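Starting from the given sequences, assemble the full structure and let the hints guide the process.
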Amino acid sequence: MDRRRFLELSSAAVGGLLLGFELTPAVLADEASPKAAQDWAPNAWIRIDAAGALVFILDKTEMGQGVYATLPLLLAEELEVDPEQLRVEFAPADKKYGNPKNAGLQITGASTSLAVSYEPLRRAGAVLRELLRETAAERWQAALADCSAQKGQILHKDGRRLSYFELAEAASRRTLPKHVSLKAPQDFRLIGKSRLRPDSPLKVRGQAVFGLDISIPDLRVAIYIRSPRLGAKLASFRAEKAKSIPGVEDIVAVDQGVAIIAKRYWQARQAEEALDITWDETKAGDFDSAAIYEHVLHRSQERLATLSSEEELQKADIKATYTLPFLAHAAMEPINCTVRLSPELCEIWAPTQSPGIAQSLAADLTKLRLEQVKVTTTFIGGGFGRRLAQDFIEQAVRIAQTVQKPIKLIWSREEDFQHDFYRPTAAHALAITLGPDGHIAHWSHAIAGPSITANSYKKIVPALLPRWIPHEVKDSVGDFAAGYMGRKSRDPAATEGTLDSPYSWQKRDIYFDAVDYGVPVGYWRSVGHSGNAFVIETLMDELAFKAGIDPFVFRHMHLEKNQRAQRVLDELRKRSAWEQALPKGRFRGLAFHESFGTLCAEVVEISVSEGSQSFRVERVTAVVDCGRVVQPNIATAQISGGIVFGLSAALWGDITLTAGRVNQTNFHTYPIARMSDTPPIEVHFLDSEAEPTGLGEPGVPPLAPAIANALFGATKRRFRSLPLTL
Amino acid sequence: MDLEINRQRFAIDVPADTPLLWVLREECALSGTKFSCGKGLCGACTVHINGQPMRSCVTPVSAAARSSITTIEGAANDPLLRLVQETWIEEDVVQCGYCQPGQIMAATALLRQNPKPDDNAIDAAMAGNLCRCGTYPRIRAAIHKAAAKLPLPKGAR
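As given, the protein sequences belong to chains A and G, one line each in that order. One point on numbering: in the working numbering, the residue at position 606 of the first sequence is 606, and numbering is uninterrupted. One point on numbering: in the working numbering, the residue at position 103 of the second sequence is 103, and numbering is uninterrupted.
It is worth saying that the hints were derived from the structure and are not from the lab. Computed from a predicted structure; not experimentally measured. Be aware that one or more of the hints could be misleading.
Stated by the list, open to error - So the derived label-pair ranges between C-beta atoms look like this:
1. A:P583 to G:E4: 51 to 59 Å
2. G:R7 to A:A235: 48 to 56 Å
3. G:R7 to A:E273: 30 to 38 Å
4. G:Q113 to A:R616: 52 to 60 Å
5. G:R7 to A:E84: 43 to 51 Å
6. G:K154 to A:A50: 32 to 40 Å
7. A:T658 to G:A65: 40 to 48 Å
8. A:R139 to G:P151: 52 to 60 Å
9. A:S476 to G:E4: 53 to 61 Å
Unchecked claim - Here are the simulated DSS-like pairs of lysine-lysine, each with C-alpha atoms no more than 30 Å apart in a straight line:
10. G:K145 to A:K193
11. G:K149 to A:K193
12. G:K39 to A:K241
13. A:K574 to A:K405
14. G:K39 to A:K233
15. G:K39 to A:K263
16. A:K319 to A:K507
We put the CB at the ideal spot given by N, CA and C, even for glycine.
Right under this line is the structure:
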């Protein structure tokens, strides 16, 4: 999700609607009205249930990044329980779980989960702990100072003890303590020390329930057939033959596609083969990749000419243009969503990163109140930003409305590749001038491409508007916001990492032009940083070479007041043995990038075959400053996983179009890294006392430019497009 | 037709060309085996048929009749599978976890056939199992660690 701009717009458009929530007495009063006297929810994240279990309510989606482990641990740290004493439940969609860094919507994205939870969850744990101590002290008529909390019990120094459960009922009638202090870092029992992931046992035994594994009575399978040509509409279809296939119950038009409802998935797919559909392609897209590249490149060059004077362009040390491809998310779990409707209730089970948007979208479609839409988030088999878009929720609700049966919508892998919200293509045109001291005097940078912000605001903005506004009005506000954002030259999802680059370029002119080709685009792990870091970091390398300065030193020169960044670079220089000569045929490349508040630098070592026909990534060393590391094992996995994700994109990532159709259909035409492609990866974190920042995305951006910079060593050629080919 | 899955008998009534994957998931309520590519390209649906790792999404159920099928849920009767699962937990392998049942079934088949695989043997055996989260380095470490625990004690079940 995009952040600053989003908040700006939302406060302007929606006024005071968006409030990040805090632990206030109002919220607590609401929550403290328990169903039964024994079930007690002292705050939004914890419930002590009638059986005595401590239930942690996880308000972020677990998609591999480890919130199922790290967020309960934050609360457990202050509540003085072991994380294993907490049973984790996924939160329902509820506006009290709004993410203050994602416009107040209940969204898991932008590498924000730990950053936004770090203080509130520890505070929630501390408030409850103090309340329980006070309750025990009163019951014992003891001094508060003599009562301490440990492993789910309050202990008196004389040896008496009461479990949290035993204290819960009395505690629920007390007023919450107003002032609590949080632990000093040197007193942390849990934060900073790796524990095994609590979701592993479920996942390795096949017991974790992903969206695709949801099972409810009378559930039918739905598949949804759309034209592979983007923007084509449904004209007509003949279903007689398809309907005769055993198990097939309904074949109906839904929006611009055809839904097939069957008892079983395979029956539905058999029916698809027997179905005869005519598409109306009069308004369909007809672009080819080559034409898109040509057009978008032209737009960026036109813009560059307005950013710099003719003279400036003339004397620039480097003039360069770049083109970047569309990319697919290719999460392993295919898109799916289960819906059950009744006149008073819409129940949704979905692997979604945006339960809040899913809820408001479904309420609009069904004309139910928000409270009548129950969204249950499941484990999700990879997000990477794909499941921020709620297209599949809308389809599933519409299909359930049409056939009036509980359905599970399941996409095929082919549909996933052909109807993704792709990382947008982009062209960059730059003119860069070095000053006499080797410092960059002018960084002039024009970017053109489809705007994610414009695309996604159409759906996000309606979710932000008050419920009483009619659906149609909301849609037009959404369209307006999208149009407005699409015209913005500083669209954050497109320019992030450039306008706010930590490098001290003396003068920077950066401009984004949105161009729409009718190809759906969306947030893809590291979003705008994914392409912008490639452009900036390959150019920083090229400029260093031109200035005759070591690439580490050259970056240092442009980070002179940024001690955090300097420490990251210094540590990487050491860890990667940068000074050490390499054997013949081996080359190294460096890249550094800051994203989502985290600094990440990577050195890649490659081997190049005789005659430079092919290359292989042999080793990656990364150094990261993400503030305090809460769970080192998970942090390492996130950076390492980001590097592998970046490797797939750098080597093969390329969604192409022919006559308005995406050519790639499955993993044979859109390869992703295999074990044999994955080099040894070393990840080092700098010690830091700063608040934690994101880790899901920052490992991705430096990888491609680091490889390209290593390839320059081998080939003396500069690489200005992705994927990288010799 | 009759199927033997995790040493249990299932009487199934489906067309012979139905992929085994969907029979497991929809007829037998064994949802640990995952659907991902549907074309035998990613390995998420890997199960054992007579001990051999097979892509259940492209295996017609008829080809698995009169065979012994083991899925990720079959660890109770398969000490090696259980050992691999436990090692996966110890090595903190999983991220999203969606591909891991397939990875574990592929790794178990490898270790059954080659109890001390080197990196090349691991690469070869695991090349068909994709992981989008990029857990490969820990999968490799977990296979080596599981191998170090072999042979299983006599009488392990």
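Going down the list of hints, with the structure as the test:
| no. | hint | result |
| --- | --- | --- |
| 1 | A:P583 to G:E4: 51 to 59 Å | holds (54 Å) |
| 2 | G:R7 to A:A235: 48 to 56 Å | holds (53 Å) |
| 3 | G:R7 to A:E273: 30 to 38 Å | holds (36 Å) |
| 4 | G:Q113 to A:R616: 52 to 60 Å | violated (28 Å) |
| 5 | G:R7 to A:E84: 43 to 51 Å | violated (32 Å) |
| 6 | G:K154 to A:A50: 32 to 40 Å | violated (47 Å) |
| 7 | A:T658 to G:A65: 40 to 48 Å | holds (43 Å) |
| 8 | A:R139 to G:P151: 52 to 60 Å | holds (57 Å) |
| 9 | A:S476 to G:E4: 53 to 61 Å | holds (60 Å) |
| 10 | G:K145 to A:K193 | holds (22 Å) |
| 11 | G:K149 to A:K193 | holds (26 Å) |
| 12 | G:K39 to A:K241 | holds (25 Å) |
| 13 | A:K574 to A:K405 | violated (62 Å) |
| 14 | G:K39 to A:K233 | holds (28 Å) |
| 15 | G:K39 to A:K263 | holds (22 Å) |
| 16 | A:K319 to A:K507 | holds (16 Å) |
When held up to the earlier numbered hints, the structure conflicts with 4, 5, 6, 13 and fits the remainder.
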